[in-house]
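Engineer: Hey, can you work out the whole structure from these sequences and the hints?
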Amino acid sequence: MNFLIINFFLISILFFTTFYIFKTTSLISVVALTGVFTLVCAAIYVNLDAVDVAFTEAAVGSGISTILMVLAVAKLPEGKKNQLLNLFPSIVLSVSIVIALMLIIANLPLLGDPNAPIHLHVTPEYIKESKTIFHIPNVVTNILASYRGFDTLGETIVIFTAGIGVIVLLTSNTLNRKTKFKKKAKK
Amino acid sequence: MVSGIFIIITSQNYIKKIVGLAIFQTSVFVFFVSLAKIIDGTAPILNSQNNVYSNPLPHVLILTAIVVGVATSALGLAIVLQIYKNYGSIEENEIKKEELKENN
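So the protein lines, in turn, are chains A and B.
The opening position of the first sequence corresponds to residue 1 in the numbering used here, with each subsequent residue numbered one higher.
The opening position of the second sequence corresponds to residue 1001 in the numbering used here, with each subsequent residue numbered one higher.
Misleading hints may appear alongside valid ones.
Claimed, not checked - Okay, the calculated bits of chain A under chain B, using three or more residues with CB under 8 angstroms as the criterion:
id: 1; segment: 34 to 42
id: 2; segment: 52 to 62
id: 3; segment: 129 to 141
id: 4; segment: 161 to 167
Please keep in mind that the hints were generated in silico from the structure rather than gathered at the bench.
Glycine residues also receive a C-beta, built at the ideal position from the N, C-alpha and C atoms.
Structural biologist: Set out below in structure tokens:
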């Protein structure tokens, strides 16, 4: 029961953070609030027994991503207060997605049910085998590096490609348009 | 999760749109991890005191997805910087106006 109360409390913090991200116009506070959001998500992961995920989220999601965003925002101008466009269609879209998700969630097994289909298929074998085969007590590491090693290799390729893309975008000048917009940027 | 989509569609600032995307992603991750939870279970690190562990498979998937998500947002930020270099603005409606003016 304790676990559910903590979860509700953390998720309510998430709601407030999202609301203020939506409301503020200053970009640096948007970035700071995003860091808060991902850190609270890391706390939720600890509460849900996913310590490895919480570790990664706190280091990568909350640390590196916030640093990258601060570096980008330092070069950009302040946000302006604009009127919201597309308000009506986005409200319709959001409400319809909420209704669809509620219908789906009603059919899911209860939170923490040990007989849910997800817990019955391959996971028992992973947990039973990993100690005798790999001699590492952390099952998540075993699956990440051994059972699903090619998955991790693919992830590395994705990050490598993204890194190349960032370098190309930041160093290229071929996209520069020699028009009035460029003069405006210099002012 | 829905509020992430809402921010992506309604706000005009590109940085805010990227943040909306990150919120959208993170909430999907929380949903995935919540599927792995077992009541009275512990973290999936084998020890002598516990027999019930939460499901490690969603954890592995989400570990991969978090790192890919950061790579995505870094690419998005680089594109925004390039847009600012070329247009002098990062607000979507201003850029649209300039484009229309140029075409006429």
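Engineer: Taking the hints in turn, state whether each one holds.
Structural biologist: Hints and how they fare:
With a threshold of 8 angstroms between beta carbons, the proposed coverage of the segment 34 to 42 of chain A by chain B holds, since 4 of its residues qualify and at least three are required. Against chain B, the segment 52 to 62 of chain A contributes 6 residues with a C-beta closer than 8 angstroms to a partner C-beta. That satisfies the three-residue criterion, and the hint holds. Given a C-beta distance limit of less than 8 angstroms, the hint that chain B covers the segment 129 to 141 of chain A holds, as 6 residues qualify and 3 suffice. Check on the segment 161 to 167 of chain A: 4 of its residues sit with their Cβ under 8 angstroms from a Cβ of chain B, so the three-residue criterion for coverage holds.
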